[in-house]
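Number of protein chains: 2
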Amino acid sequence: MFKRQTKGMINIDPLQTGGKLTEEAKRALIEWGDGYSVCDFCTGKLDEIRNPPIHDFVHKTLPEFIGCDVARITTGAREAKFAVMHSLAKKDAWIVIDSNAHYSSFVSAERAKLNIAEVPNSGYPDFLISAEKFAEVLEETKRKGEVVLALITYPDGNYGNLPDVKKIAKICQDYDVPLLVNAAYAIGRMPIKLKEIGADFIVGSGHKSMASSGPIGVLGMKAEWEEVVLRKSSRFKNKEIELLGCTARGASIITMMASFPAVKERVKRWEDEVRKARYFSAKMEEMGIIQLGEKPHNHDLMFFQAEKLYEMSKSMKDGRFFLYRELKRRGIHGIKPGLTRFFKLSTYGLSYEEVEAVLTAFREITEGKVQG
Amino acid sequence: MFKRQTKGMINIDPLQTGGKLTEEAKRALIEWGDGYSVCDFCTGKLDEIRNPPIHDFVHKTLPEFIGCDVARITTGAREAKFAVMHSLAKKDAWIVIDSNAHYSSFVSAERAKLNIAEVPNSGYPDFLISAEKFAEVLEETKRKGEVVLALITYPDGNYGNLPDVKKIAKICQDYDVPLLVNAAYAIGRMPIKLKEIGADFIVGSGHKSMASSGPIGVLGMKAEWEEVVLRKSSRFKNKEIELLGCTARGASIITMMASFPAVKERVKRWEDEVRKARYFSAKMEEMGIIQLGEKPHNHDLMFFQAEKLYEMSKSMKDGRFFLYRELKRRGIHGIKPGLTRFFKLSTYGLSYEEVEAVLTAFREITEGKVQG
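Chain order of the listed sequences is X and Z. Just so you know, my numbering puts 162 at position 156 of the first sequence, and the rest follows in order with no gaps. Just so you know, my numbering puts 323 at position 317 of the second sequence, and the rest follows in order with no gaps.
When chains are identical, the list treats them as one kind, so a pair holds in a single copy or across two.
Below, computed lysine-lysine pairings styled on DSS-like, alpha-carbon distance capped at 27 Å:
(1) Lys150 - Lys97
(2) Lys238 - Lys342
(3) Lys26 - Lys245
(4) Lys51 - Lys9
(5) Lys96 - Lys150
(6) Lys375 - Lys342
Simulated from the structure, these hints should not be mistaken for lab results.
Assemble the whole structure, with the sequences as input and the hints as a guide.
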């Protein structure tokens, strides 16, 4: 039996804080763990299954939750991005992507054989993506060739910055370029609706932010894109080509559905999460650990610069691994082994006691209360 | 809480008999259910993770098990097929596919924008794919344009037929066309090795035949294809483009690993499974229910023709749904609601008591011991 070493620890890994299963999802996982379990009463298409009630989840609950006309379940956010890019791609065409985008946005574009134009961020220390820069790069790229899609990451997974996505959507509309919002760190954490943004596509991650067992993602779009992205096979009339027929054909979709009521509720408490993150950030700065990215911060994912820890690491016997080791022995997991100077973390879903425990750990470590 | 209605029933759905979790996998599912759980100690690539020991599973255990040089985990068999097709696709190029192929093979080819040439089967009642026909279609198609890939389904998911895959591999080699073996109903059920077949790619399904929680699949290939199919991103040097970086980033991979020792063992008992299927088939035929496809049969997936049940359905108050209802009240699940004349089923993993219970049910039903 493979044991999970980090079980029971305080988890501050941004990848993981929003993906912890609810108790309902854990029960659903056991009930539906067997391969192809959800296909007991399938009539040919995952999103049409009525027992369990996948149909209602995909066609009513989800579109309402993310404010879109049409939604589908995918095997992940990256697979959703690729499906859109692959549908829109043309020979020699371009995609405009913010430079804070997740690596999988770039790799998806590469897989779809699109030329990539990058919108630079403002650099150290804020790393902001401005609507003006977005417009500038769109303008330049339009001169080079056809721009079939733009992508904005909201928020990005490095700094947790939330760009002015409505303004960017307006700009893309003016340039007649469809916009995809990668909301892998938004959907399931904070309120977000495609229609309010005014973009064309929105993508979310179940295992990252919707308390689901992976791999699973969601894809929402405006009605006008349904025929393009969800086009049907010429040979099998009910199979959507980009989804290869069916996607999350297993327990993952059930965990998303089982967690959904709790996820819907937690999104309403988003302001508390932001308040908690800002409190955490302020306390870290009191220790001389500087938060980079937007300030005041608007998301639980935060990036820090800790010169002091970096200096300390130089004299430690396990060098740059000392921070990981010190946090581990205090029951805290989530900062990548080997990082000391720059690292990201997330306070999402942490109780105030857990936040204090993490702060105490950093305080002790920066004060030199460490082993060897 | 969503309850699974079919729990505790005898399951003869071919989609599901090979995907039932082992007890080890169920425990692993709970231990690793949280989103992105396997990424606790990730250094940038799913197949390189050493805790849990995914690295060894992907790079040692799996290649040995399916007899290939290089293996990867995918989000399913269909996603593996698409990755290969998309890597090999060229403008106006062709793929040759056996007509017994799963719909997702055709849809994958459509998604990869390949022209499809179909190798017809021998028709009723055996529906065989012959090596000769395969050669013929290859020959014809080569005259129309470049054939970048051939695909053979071993066995197919309708009749459970096992074509002469070695002979077909030899033919493809002679024509210099790479061959992909879709072994979604083979890997994890029966002994099969890519090298013994002599093909280029092999694809399997975790949730279909490897006692895994979906969606998850495996892809094996000859070393010479690694640079083509697993080519790296130009921007992110350790990310494989076709896999979008990482695939089964969650509990599914752990269930496959946890079930693996049992799966490896059960494959050794394949002859018992074939014997059981043949026994079942013979008993069904005694009732006048005819098994189509290869005879004697060589796989647990069998297709039947039951004129008697079809005739009975005409006078039933719920018509063609009577067979489903009658099996259900006898605790048997897996034949699609509404089918009476033609249906498929699987005896995989059933105990002899369960086999007898299914046979008794069909005997009673064909003898008219039914409600209303």
